[in-house]
Structures are given as C-alpha cells and as structure tokens.
Amino acid sequence: MTATSALSPSRTTATAARVLRQLRHDPRTIALMILVPCVMLFLLRYVFDGSARTFDTIGASLLGIFPLITMFLVTSIATLRERTSGTLERLLAMPLGKGDLIAGYALAFGAVAVVQSALATGLAVWLLDLDVTGSPWLLLLVALLDALLGTALGLFVSAFAASEFQAVQFMPAVIFPQLLLCGLFAPRDTMHPVLEAISDVLPMSYAVDGMNEVLHHADLTTAFLRDITVVAGCALLVLTLGAATLKRRTP
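All residue numbers for the sequence shown refer to the working numbering, where the first residue is 1 and numbers rise by one.
There could be a bad hint or two in this list.
Simulated restraints on C-beta separations [what the hints assert, rightly or not]:
#  : residue 1 : residue 2 : range
1  : Ala218    : Arg53     : 32 to 38 Å
2  : Pro193    : Thr13     : 44 to 50 Å
3  : Asp189    : Phe160    : 32 to 38 Å
4  : Leu43     : Arg81     : 27 to 33 Å
5  : Phe176    : Val39     : 36 to 42 Å
6  : Ala118    : Leu236    : 17 to 23 Å
7  : Val47     : Val168    : 24 to 30 Å
8  : Pro193    : Asp129    : 24 to 30 Å
9  : Pro193    : Arg28     : 19 to 25 Å
10 : Gly50     : Trp137    : 28 to 34 Å
11 : Thr84     : Gly50     : 19 to 25 Å
12 : Ala197    : Leu241    : 21 to 27 Å
13 : Arg226    : Ala52     : 41 to 47 Å
Under the rule of at most 25 Å between Cα atoms (straight-line distance), these lysine to any residue pairs were calculated in the SDA-like manner [said to hold, decoys possible]:
#  : residue 1 : residue 2
14 : Lys98     : Met191
15 : Lys98     : Arg21
16 : Lys98     : Glu82
17 : Lys98     : Leu241
18 : Lys98     : Ala197
19 : Lys98     : Leu43
20 : Lys98     : Thr84
21 : Lys98     : Thr54
22 : Lys98     : Ala14
23 : Lys98     : Phe170
24 : Lys98     : Leu236
25 : Lys98     : Arg83
Because the hints were derived from the structure by calculation, they are not lab data. Just so we're clear, the structure is a prediction, and the values are computed from it rather than from any experiment. Just so you know, even glycine gets a beta-carbon here, dropped at the ideal spot from N, CA and C.
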C-alpha cells in the first residue's frame with residue numbers, strides 16, 4: 001500500500017501524538033529542548049551581572065536564537081533516528097503521506113516549542129528583569145516562531161544526513177553563518193556589502209530584528225510585522241521542502 005498524497009488532519013494528529021508519546025519516555029531530550037534555553041539565559045544574565053544594559057541589549061535577541069538552535073538539533077537527530085531505525089520507511093508504507101509525516105512532526109515539536117518559548121520568555125522578563133519596551137507577548141510570539149523555524153530546519157536537513165553525527169555536523173553549515181550575520185555581534189548595515197546582502201536573505205536576521213523591535217517600541221510596527229511574516233514564511237517554506245525531499249527508503 002502506498003502513501004496517500006492528500007494532507008489528512010487525522011493522520012497528522014496521529015503522527016504528532018506518536019512523537020509526543022516517544023518524547024515522554026525520553027526525559028533527556030525534553031530537558032534539552034525545554035531547560036537548556038532557560039539555563040543559557042540565566043547564565044547570560046549573570047555573566048553580565050555588572051552591566052544590566054548589556055543583557056538588555058542582547059538578551060532579547062538570544063531569547064529567539066537559543067530556542068531555534070535547540071529545536072534544530074533535537075528535531076534533526078530525532079527524525080534521523082527514526083529513519084535509520086526503519087520506522088520512517090514502515091510509516092510511509094502505510095496510508096501516510098509525506099506531508100502528514102512532516103506536519104505531524106512539526107505539530108509535535110511545535111507543542112514542545114510553545115512550552116519552551118513560554119518558559120524562556122517568562123524567565124527573561126519576570127525573573128531576570130529583561131527591560132522590554134513592548135509587550136512580553138510579542139517576545140513570546142517571536143520566540144515561538146523561531147523555535148518552529150528551528151524545527152523546520154531540523155526536519156529538512158535530516159533528509160541529507162546518514163547518521164546522527166552528520167546531523168550535528170550540519171549545524172556549522174546551517175546555523176553558524178546565520179548566527180554571525182544576524183546582527184547579534186555587529187549591526188548588519190556596518191558589515192561588508194556582500195555580507196549584508198547575504199544577511200538580508202537569512203531568516204535568523206529577521207528573528208533578531210523582530211526581537212529588537214519589541215525591545216525598543218511599545219506598539220506594533222510595520223518592521224515587526226514584516227519580520228515575523230518572513231520568519232513564519234521561511235518556516236513554512238522549509239517544511240514544504242522537507243516534505244518534498246523526504247525519502248521513502250533509508251539509504
């Protein structure tokens with residue numbers, strides 16, 4: 001029996017439920033996804049204990065970057081583990097389309113991302129005293145979209161890795177260039193024109209810009225709406241590419 005092509009809500013939610021049941025029995029992975037961003041923010045706050053202004057400057061940006069990185073790592077490794085174990089091949093032999101599978105994984109890890117982003121945002125704003133001009137709910141929205149983008153990127157790159165080690169190796173290629181060019185270390189308009197042009201097409205740049213808009217503006221701005229639209233659009237595009245490149249057979 002071959003996989004169906006139409007996206008089915010019932011098959012998608014069944015896939016998501018299966019992934020969540022597996023995660024429930026893997027406390028180390030849950031800790032990595034939910035606690036690591038909080039721990040990193042906590043450490044960062046007290047690294048700059050003598051300069052609260054520095055934490056206010058970069059803390060909001062990292063509030064979006066940390067969830068993206070952790071979700072990328074966990075999602076790529078978890079998906080590849082199912083591929084190498086043969087689970088993916090068996091699932092696709094059932095009436096389960098590629099879109100159902102990718103959407104199910106995105107839904108499951110997205111649910112975890114909601115918890116992760118809520119905890120990290122609450123920690124930064126109400127416990128670590130991150131000084132934000134805009135609404136903390138907008139910070140949460142950007143952090144959640146960043147986590148979903150990390151999930152989408154992880155699902156996508158897992159199709160090109162043959163082992164969990166190779167999945168980790170994709171991080172320097174996919175994440176590090178974005179980290180360097182997103183404006184965290186230097187304003188993007190002060191970079192070499194070639195690098196600035198590259199940064200303009202990288203989604204993490206818009207994630208950082210969106211966080212900075214909330215940091216400095218009390219109201220919704222056109223730039224903020226543009227930034228979150230780009231991040232959400234990139235996540236959707238990458239998920240679509242992930243479904244298109246998903247292989248039915250493990251090499």
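So, going through the hints one by one against the coordinates:
no., hint, result
1, Ala218 x Arg53: 32 to 38 Å, "violated (19 Å)"
2, Pro193 x Thr13: 44 to 50 Å, "holds (47 Å)"
3, Asp189 x Phe160: 32 to 38 Å, "holds (33 Å)"
4, Leu43 x Arg81: 27 to 33 Å, "holds (29 Å)"
5, Phe176 x Val39: 36 to 42 Å, "violated (21 Å)"
6, Ala118 x Leu236: 17 to 23 Å, "holds (22 Å)"
7, Val47 x Val168: 24 to 30 Å, "holds (25 Å)"
8, Pro193 x Asp129: 24 to 30 Å, "violated (38 Å)"
9, Pro193 x Arg28: 19 to 25 Å, "violated (44 Å)"
10, Gly50 x Trp137: 28 to 34 Å, "holds (30 Å)"
11, Thr84 x Gly50: 19 to 25 Å, "violated (48 Å)"
12, Ala197 x Leu241: 21 to 27 Å, "holds (22 Å)"
13, Arg226 x Ala52: 41 to 47 Å, "violated (30 Å)"
14, Lys98 x Met191, "violated (40 Å)"
15, Lys98 x Arg21, "holds (20 Å)"
16, Lys98 x Glu82, "holds (14 Å)"
17, Lys98 x Leu241, "holds (11 Å)"
18, Lys98 x Ala197, "violated (34 Å)"
19, Lys98 x Leu43, "violated (40 Å)"
20, Lys98 x Thr84, "holds (17 Å)"
21, Lys98 x Thr54, "violated (45 Å)"
22, Lys98 x Ala14, "holds (14 Å)"
23, Lys98 x Phe170, "holds (22 Å)"
24, Lys98 x Leu236, "holds (15 Å)"
25, Lys98 x Arg83, "holds (13 Å)"
In this structure, the earlier hints numbered 1, 5, 8, 9, 11, 13, 14, 18, 19 and 21 are contradicted, and the remaining ones agree with it.
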